[in-house]
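*Asks:* These protein sequence lines are chains A and B, in that order. Going letter by letter, the first sequence gives residues 1 to 861 in our numbering. Going letter by letter, the second sequence gives residues 862 to 1049 in our numbering.
The hints are simulated quantities; they were obtained by calculation from the structure and are not laboratory data. These figures come from a predicted structure and were not determined experimentally. You may find that some hints are simply not true.
[Claimed, not checked] Computed list of lysine-lysine pairs in BS3-like fashion (alpha-carbon distance at most 27 Å, straight line):
(1) A:Lys16 x A:Lys553
(2) A:Lys491 x B:Lys890
(3) B:Lys909 x A:Lys550
(4) B:Lys909 x B:Lys890
(5) A:Lys16 x A:Lys523
(6) B:Lys909 x A:Lys553
(7) A:Lys590 x A:Lys21
(8) A:Lys469 x A:Lys491
(9) A:Lys590 x A:Lys550
Below are the chains, spelled out letter by letter.
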Amino acid sequence: MAECHPVGFQWVMEAKARGAKVIHVDPRFTRTSALADVHVPLRAGTDIAFLGGIVNHVLQHDRYFRDYIVAYTNAPFVLREDFRDTEDLDGVFSGFDPDGRTYDNSSWQYEGLEVQAASGERDQEYGRRVESSRSRSEAARGESHGSGGAVLSAGEPERDETLRHPRCVFQVLKRHYARYTPEMVERVCGVPPDLFRQVCELIAGNSGRDRTTAFAYAVGWTQHTVGVQYIRAAAVLQSLLGNIGRPGGGILALRGHASIQGSTDIPTLFNLLPGYIPMPHAHQDEDLDTFVQAEATRKGYWAEMRSYLVSLLKAYWGPAATAENDFCFDYLPRLTGSHSTYETVTAQIEGRCKGYFLLGENPAVGSANARMQRLGMANLDWLVVRDFSLIESATWWKDGPEIDTGEMRTEDIGTEVFFLPAAAHTEKDGSFTNTQRMLQWHHQAVEPPGDTRSDLWFTYHLGRIIREKLAASTDPMDRPLLDLTWDYPTKGETDEPDAEAVLAEINGYDAHGDPLTSYQQLKDDGSTACGCWIYCGVHADGVNQAARRKPGKEQNWVAAEWGWAWPANRRILYNRASADPDGRPWSERKALVWWDEEKERWTGHDVPDFAPDKPPHHRPPDGATGVAALSGTDAFIMQADGKAWLYVPTGISDGPLPTHYEPQDSPFPNLLHSQQRNPVRQLLPPHPDNRYQPSGHDPGSEVFPYVTTTYRLTEHHTAGGMSRWQPYLAELQPEFFCEVSPELAAQRGLEHTGWATIVSARGVVEARVLVTDRMVPLTVDGRRIHQIGLPYHWGPNGYSTGDAANELTHMALDPNTHIQESKAMACDIRAGRRPRGRNAVDLVLAYRARAGIDDGTGTEI
Amino acid sequence: MGVRTWIDSWPVYRQLKGVDPLGRGAAAKSRDSGRLAPRVQTADRVVKSVCPYCAVGCGQNVYVEDGRVTQIEGDPDSPVSRGRLCPKGSASLQLTTGGAREHQVLYRRPHGTEWERLDLATAMDMIADRVIRTRRDGWQWDAGGLRTRRTLGIASLGGATLDNEENYLIKKLFTALGAVQIENQARV
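Working from the sequences, and respecting the hints, build out all of it.
*Replies:* Structure (structure tokens):
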């Protein structure tokens, strides 16, 4: 955090000055470790074993927050009899289909109630929900239209508040983690038991009524074939300790880009519509009602999905969207499986995807398996690159690594390339959503120079020109385009669209065109339009709330009048849980929101994340649905059961509980199960340039004996497009390097400031050598293991140059998020510079031959 | 130079006699540094902004003079950052005004070996034509008997420094075009 979010880290240091203990868990010693009380180096790729060990400690030593978990989590819920854990089936859960490499999650559900997920893989439930509800909708044909969502089994799940029922979540959890002992943590992670116990006690001792512990993470947790389960492991621990929805608690995603939070809220992602409404998958005869029936929850705010979706369709298609035509629901293109950026690369290589826009992104060095990215681009008809400078993704046809090796010739590459220079943040109006879900408006200071333009300008005018060209078309495929509301006001000499007009559409408006103030006003009858329901209120009263800048010094610690946080300007989500079931703060020290008996309302320092007038002792009437079905203690209002999920009955592809699996490429066997890797990890179709390596005890695994991880530095930004062209930053970090321990340097003859060549089954790179005690060799299962650190900012262009670490990475993905595993790999390292030309290719081929790698290696279940 | 001025210009004397006994402020100032003024002093206006690098969201004050950005500093009003910027944020003046930024549209024709210049309006028109053609070529009304109403010909990958408003228009336009392979750094 001190490296990559230095200014945010000032608050960690403020907390430390007030007595907080700071623990840093990272394979490397960094600027964060230097300021932490405890640094715990561990083997990259073993965090679930580590976190599972802490969960086990908390459960075995009764350090969990009992009142919290009984009231606010699903700990008391009883599971179905047919559920089997990884402890029963040696590393897989019940419902595993080895042929399809998927899980059927029906046995993961609660006894007596089937729930839908608030996020994640909601389509998992489609068949069951639509089939089971189809009979109902047929019985009430015509009347189901306009209803507020699917009514599923109306009962309450079976609960055991004593937490003793052998099939209750709490007991299942206890059994699942029983083998995650300090000794096992030592064998798997390489963390000594004393150090591990110290961490457990610091965390457990700093949680409860009076104290809270926060976890902060970044892509060191997400970029794994089990990335979602890493976050889930932290969620299990934080829920057990009562650290969610409370000040000083939480699991904080430290996001690395100015608006990466915004990019998922208002997504440019294949599987989502704005506000986390899923993109529809292709199903037989699916209309708006069946979609909502399948995707919405019965209880909580997701039960209102129809209102959110209809309002979005009205924002997109305006007057063309009517109740008679299902509000143009049919205009939405349908998914068939995953269409993530990595499948797109495959589709480019196979010649199915022919046109590509890169809008401020540099996959030629920044995405996993950079070579595959370039092969994809070399097979396009056309490519549009919008960026500040000539990044590698714009110039690979001229000077990419494949030109050097002779595998490609510029004259043979048919891709037509358009480079359009981009405007800077100082040259346009707009909002970023920061890592705390807070929108902040940046104002235009000057006009963009020359041909530089904002992406708002590019998208708006591209759409305008296409619509003009197709205006006379009668082809039904052009209807969604021609019916689109696309009449934004423009201004200035460049005809820049008015960004605030777009924000106003995102916020939404009623039938009279007046701005909405809250998503609770959204209707499913077409009388409201809203581009992103969770952002509703950001333009309340026609005022740009994201541009509010009341100085922090003139506000309390919540600073609610600086910017605007979704939803409803709440700064801490699920903050009903900061009060006890009776509505009183768990302690004065940790008071945030509470029930005011006299005024009969929730009040406090933050905006309560709860119906403001719903008393703590409210119990919903039988058969209630939606928001009305939430009780006064259902603090987790977006969840289908109102509870924090220690155990996930639906919504996750790879299991209801986090389980340790080894990374795709690992020098070690899985010590917990004979199941080596995540059985449902996502592997792309075999390709000669995306080979995997043998792992564990498999022959050939010794060819790649070192663990490798990638990371970022303070002085650079991701793939370097915004930092390698800045002289100051180039001077601070002038070239690519690798970090190795003195012991590894001696073993492999590596010299400080000299060169090293690093090889994987995918590629070879060279890097300057930094020999440093910051890389600590570990003892894992009795074996000495070295880790190699690779900052990944580089490519050949710009002032600060070097090979791209992503030449080494592969495309094995987390099955939920489709994110690549670039934080834990295995590789070899040797002294000296890498070969040039054809010899570089031959070196990689020789390694593959030596390790016995073919298209099946590493693809076992 | 009079004796008085000469003695006054002696830092040790000023340190002993003045209000700066530790010699870290006024006493240590030379005549040259005394004449220096902050570079932002002559700015015509200060525009409120946000750092475009990581997602902490540090406040920035953008100083503008004669229609040009002359300096970018941390905004002390921000409850997030309290006026601080990291090395990247501090270098954002170079990011926005540096000489490494391209200001012109460039075009590489199929099999071409060098960049060519292209007028922006022409480039936009050419891109629109290619979108229309590729969308049509990759169009799919159904797949395996299920309605899909989409094109698999076009894909997009965006960075996560895009504004919310930009992402909104990108998703809206591409969805209306029937493109589904719309992705972002948030995946990576």
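*Asks:* So which of the earlier hints does this model not fit?
*Replies:* 2, 4, 5
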